[in-house]
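A.B. asks: Protein chains in written order, with this note's numbering: chain A, 148 to 571; chain B, 80 to 197; chain C, 1084 to 1746; chain D, 43 to 245.
Where hints are given, some of them may not hold.
[Said to hold, decoys possible] List time: in silico DMTMM-like cross-link candidates among lysine to aspartate or glutamate, alpha-carbon distance up to 20 Å: (1) C:Lys1436 - A:Glu316; (2) C:Lys1436 - A:Asp252; (3) A:Lys513 - C:Glu1166; (4) A:Lys413 - A:Glu382; (5) A:Lys357 - A:Glu367; (6) B:Lys101 - D:Glu130; (7) A:Lys513 - C:Glu1582; (8) D:Lys88 - B:Asp190; (9) A:Lys520 - C:Glu1166; (10) A:Lys282 - B:Asp158; (11) A:Lys571 - A:Asp506; (12) C:Lys1436 - A:Glu383; (13) A:Lys357 - A:Glu316; (14) B:Lys159 - D:Glu130; (15) A:Lys357 - A:Asp256; (16) C:Lys1436 - B:Asp190.
[What the hints assert, rightly or not] Reference excerpt, derived from the structure (chain C facing chain B, CB under 8 Å, subset only): (17) Val1307; (18) Phe1335; (19) Gln1365; (20) Ile1375; (21) Ala1438; (22) Val1592; (23) Thr1594; (24) Val1714.
[Stated by the list, open to error] Covered by chain A, according to a simulated footprint, are these stretches of chain C (three or more residues, beta-carbon under 8 Å): (25) 1172 to 1181; (26) 1287 to 1295; (27) 1377 to 1390; (28) 1464 to 1477; (29) 1502 to 1514; (30) 1685 to 1699.
Just so you know, these hints were derived from the structure itself, not from any lab.
In this text, a Cβ means the ideal position worked out from N, Cα and C, and glycines have one as well.
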Amino acid sequence: MTVLFLGGCNLDTRMTTFVTKGPVAETQYDLFMLTVWVTLGIFIAVGGAFAFAIIKFRERPDDERPMPSQGHGNPLVEIGLIGASILLLVIIAVPTLQGIWYTHDTPEDPESFMGAWYSGEELAEEEADNPLIVKVIGYQWWWAFEYPQLGITTANEMVIPAGKVVHIELRSFDVIHSFWLPRIAGKVDLIPGRTNSMWIQAGDNFLRWKEKQGVAGPEEESPALRADYAAYLEEEIHNYYYGQCAEYCGDSHARMHFRATVVDNKEFAEWVIDERTGHGTPDGKTWDDWYAAYADNPDSLTGDLNEGLKLFMGRAKCATCHVVKGNPRALGVAGPNLTNVGSRMSIAAGWLNHRIEEDGSIDLEKQYDNFYKWIKETDVVKPGNRMWKAGGGGIGELIDENGELALLTEDEIHKLSLYLQSLK
Amino acid sequence: MTDTDYTPIPVAQDSHKDTETKRYHTFVNLALALAAITGIELVLVYMPFHPIFIFSTLLALSLFKFVAVVAWFMHLIYDKLILTLAFGTGMVIATGTFVALGFLLSRNWVDVDAITQF
Amino acid sequence: MSQTETEIHAPSTTQAPKTHELKPEPSQLGFMRPDHSKSVIMDWLTTVDHKKIGIMYGAIALFFLLVGGFEALIIRTQLAFPENDLISAQRYNQLFTMHGTTMIFLAIMPLNAAFFNFLVPLQIGARDVAFPRINSFSLWAFVAGAIVINFGWVLQALQVMGLFEASGPTAGMTDLAPAMGWFGYAPLTGTNFTGAGTDFWIMGLQILGIASLSAAMNFVVTIVNMRAPGMKMMRMPVFTWMTLVVSLLIVFAFPAITIALGQLMFDRCFGTNFFVVAGGGQPILWQHLFWIFGHPEVYILVLPAMGIISEILPVFSKKPLFGYSIVVFSGAVIGFLGFAVWSHHMFTTGLGKVATAAFSLLTMAIAVPTGVKIFNWIGTLWGGRVRFSAPMIFSLGFVWMFMMGGFSGIMHSSAPADAQQQDSYFVIAHFHYVAIGGIFLAVVAGIYFWLPKMIGKMWKGNLSTWVAIFSTVGLNVTFFPMHFLGLLGMPRRTHTYLEGFGWETYNLVCTIGAYILAFGILLLVVDIIRCFRNGEPAGNDPWDARTLEWATTSPPQVYNFAKTPIIPARDALWEDKYGPENRKITHEDDHGHGIHMPSQSWMPFIAALGFIPVGLGMSLMQAGVPYMGYVAIFGLLVLGLGIALWAIEGPGGYHMHPEVDAA
Amino acid sequence: MSDTEHQEDGHGSLVINNKKLLMWLFLGSDCMFFGTLISTHLIYRKLYPESYDPLLVFDLELTSGSTFILLMSSVLMALAVSAMHKGELKSFRLTTIGVIFCGLIFLACQVYEFAHFTNEGLTLSTNTFGSTFYMMTGTHGVHVAIGVFWLICLYFYSYTGKMDAHESAVDVEVAGLYWHFVDIVWIIIFTAVYLIEYIPGLR
Ligand code: HEA
Ligand code: HEA
Ligand code: CUA
Ligand SMILES: [Cu+2]
């Protein structure tokens, strides 16, 4: 049956655990397959004996056999089988222990130290000998990813370098969540009141890769080898990975996805700089000028993007919950950080996607639709979510000075969506 | 209510009288011992001994009290083994679980920072 | 204590007196006790007869099996297609919570209890359980708990119709049926995350816990004390042994969850900090306490099933159980190892290397005693004469399916591999194989085996074959693909999923399978009804069986055995039928004493009824309904009054003198 | 309660009284109940040693006094059971009254203690110490209260003239088992919750 399924089905899917991309998931998969083979073997032996017994000793019509002997058992057989079971369990147990130790502590891999590969601006001295650290914080129902060494924060789509150990710290803001990036590593829970940790690595490091290639000697080193290794990272690892919250966490648990983009060192450094600088104003003014104009004469700021930004900062109150790096007054932390939200492949914690799978680019139309939909009916997209219901309904509604209900108009939502799209 | 104070109620043929009288003395002696131990415990915590020593002595003493009450006051040593098993299993599982939990939830489980952060 | 006894001398015919011809006895309270009545309802409400209680357990449990199954069907229908919106996220979450809770606490556990009740006294040659009134109390407390848990649905329906809205401590929360998963992890169960549904769940489980505890203690005493002469421990049927082990597991495992639920209730009602993170509470403590109970619980579910199988296989192979003492011993080992593995449900919580390793290895160790059972079952078949009657077919299915479920358990026990499986559909596949493929098939086997004894009618036709085909095919089609779903990354408890993850086909197949399975179960229900309506008289021993329950009439008389049997050997009836002369069952001479029968009583029923206002009152108070505190207090008073009157009314009893053993 | 409705003594191969076995099972189960409560307390104590200093509210004289009283009640209880076995109703009543009295004093001490602690600012919801402490000692107090009530019932029952040395001795013995158990739980609590807080430098 297993073979039938394996043959007939595609096991290389977005969140598969069969086709792994990294040593942690690979260890876990190898162990799994070991248990599969051992139990399959037992299944065939025991199941075979069972089937044989049923068929061989079935009662036939006009059975001539005498009454079966009323024997009560055979200690030797029992002891033998118990011994065999224990032996088979040892076969599983030893690699299991190795696996537990291997996957538990972040390895000391000099190639993965920040100092060895991070080409961005100067790092603090003490960080050079540490791997990249990402703090994952779970919220109902979205993720924040902080990079404490780099001073940046992003949401729902994390970016990590290929082939490097990344140390992950997991915390939760409210209830228990679980961080699961199946192709790269099994899950670890985010438990309030505690910091959990794990390590992940997308793709093998040079050493492990060489071993797998059968290249002699760990010292073996040559530019050609390095180039091959780089090609391996580029072709097999450099990619966009899907993850999801795996611990039930309330109404929209099913819609608490996240993504990981695995990039090379150079792209990573660029991305960091991009995140650091954030965004300017739509028409190139400095932020001080823009705010001055906004205070004195808002009508002088024209164009869809300016209109959108005005809404974002003002009437729609988006800035009370969202950070947009660069913008000195968009500092709210109740919602996901929206810096570069326009270059993310999905919004609403991975639920609304606008990635074109073939080439990994953004489908702009779809992106617009998604923003529009999200702002207009967050509650439909994600029941119970904690965002302001700017489009009406849900936990909070926009009220004007007179206490009247003043929902965002279609046009306003349109402008907000355009503005969000421009954040890239 | 009828007062039956002075009419002893009928007792089964194989009277427990003798054993009960013997037990009476055991009980009273044990009571004295228990009281004494409690006294010792009280003084002990104020003594300038090594905390670990005090701690383990306290543990041993209270364990002794526990076992003594169970064995004599509750007649467990006089009674059928199966009762000891019933109670003992509960005791063992409870103690084992407690010890295991103690190891599992050690101090480094908590992250005070993570609690106060938000 | 003096006893009120009415002596009733039956006429010296082979016919025992009809119970409803008996006059009711007066109690020490001065009231008359409920009579053995002409009114059927009153008779069943006040009965203390373990057989009637067992049948009621069975009927109610089957009802809840259908309810839980119905919930599962809605779940499966919702998941048939990606981004399906048949039901809302919240409704889905309530459904799987209630499905899990219902199946475990209201379907499988009481189904097991039904067999315990009906069979254990018969198998050990006793008149009844040790405490018949406590037994009746357990049954009704179970019913009360079931009502309390399910009441959330009623309230939810009212809310949907706009007739009710939660105020008070859970104001603004819209989940009035429980929606936090069957293991209710903190802090999701806190008042700031879930509404009154959680309170119904807490109160309901608490009541069910009391019911289970009292029943379990009763059974331990029964098995230890009430055995017929000669029925040594090592002569007891394996099913009785497993009942003993399971009862002990309940006695020692339930307190952990009772306390945990109590702490949770205090958190919700009285502002304590046990699991409230802001107050220093550690949600992980809930997980530990829950699984300290929860893992023994899964063996509480499965050991009776193993007991059933160990009864059926020998009968239909015409051989004694291979390695009886080892099977018994391994059952006990499974039970007690079960207390040492709870953290295998928590491999992903960051326990640390050493703890993870220890629990990993201990979990694997459980495969050994379980394997021993499987081997011995095969040993039983070996060299036997295997008859494929309905009970046997299901039993063979059990061995096969349970083995598969056990193997995925072993895959879980390797902690690093489990990091990819935990909380995915792989777990769902694992435990449904042991639950449906294991327990459910075993229970069906038990029903086919013992129903003729229970109601005295034999099955008609061979619908059972179709039941077997549809349910076995159905369960494999439903649950086998779930292994793949899990390994392809589908997390459990997700009300819907996106297209493009490669989960669509599998989900559709699972859903189709669920309907096939449902059809199989529907056939089972039909078959049971047919058996009731037009089954032929079964006779005492329709299967040529081995154990004592088959030595008496079908259905057994109220007093079980007219004269207490004296048991000379294991497999008493078999030895009586085919064994040497010195192994025949003999009977005790009662010197004209007659059989002492306990009187019926209202008090256990009334006391248990008190749980309903307690449970509903506490929960509705949380939902902001006024005056509910008083209702809860009223319930406590009813409970107390019931127990007090119960104590005062005295045990009572009467004697019966059936002349000849009906067997 | 009195539910040996029908005991087929002599049939089973192990003859133990049904009620007695039931009570021992219950006590085994109760070990798990209290084990869980005490574990919770000690674990939270260990997790947050600095969050609260119980010496602020504890009063060792009072607690050891009530501990002593409970211990003495246990002896009296043992004597009451003994008396019942000998059929000496009078001494049964005397000792039982003593037990009841001790139990009531213990409860009074506990009520005083709770009131005092609450006054000092330690409530159920103050912190985890408050939560675990009150729930644990409260559960114990409820056990004591039930025991007192039970003994009072037995006491009055002894005046009805319905006591007989066979059944009633068992009834009293079972009540006694319960009472002793409540006592030993307190022995543990006294050491594990109160005394160790006083060891200098342990924390
Ligand atoms: C109904 C009963 C039942 C039974 C009997 C079992 C039996 C076992 N279970 Fe299962 N389990 C559940 C019900 C059950 N389980 C449930 C309900 C859950 C999920 C709860 C939730 O999360 O909602 C769960 C979850 C669960 C987990 C946690 C998964 C996770 O969430 O990450 C684990 C992990 O180790 C596990 C392991 C085992 C093992 C090792 C056995 C063993 O007892 C199996 C032993 C049997 C065999 C191995 C087969 C026969 C043996 C042989 C033929 C001998 C030779 C074999 C070898 C030497 C390997 N189970
Ligand atoms: C012993 C326990 C048991 C049993 C028997 C079952 C039986 C079934 N279960 Fe259950 N299940 C659990 C215990 C059990 N389950 C638990 C503990 C969980 C975890 C819950 C949680 O995560 O909190 C779970 C979760 C669970 C899920 C995962 C939900 C999720 O995580 O999102 C699914 C999904 O397919 C599922 C499906 C089924 C199906 C199809 C059946 C079928 O076998 C059911 C077959 C029976 C029937 C179909 C009945 C016949 C019905 C009719 C004939 C219809 C007429 C009836 C009426 C009108 C009332 N179950
Ligand atoms: Cu977060 Cu599920
Ligand atoms: Cu388990």
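A.B. asks: Can you give the numbers of the hints that this structure goes against, from lowest to highest?
C.D. replies: 10, 12, 13, 14, 22, 23, 24, 26, 27 and 30
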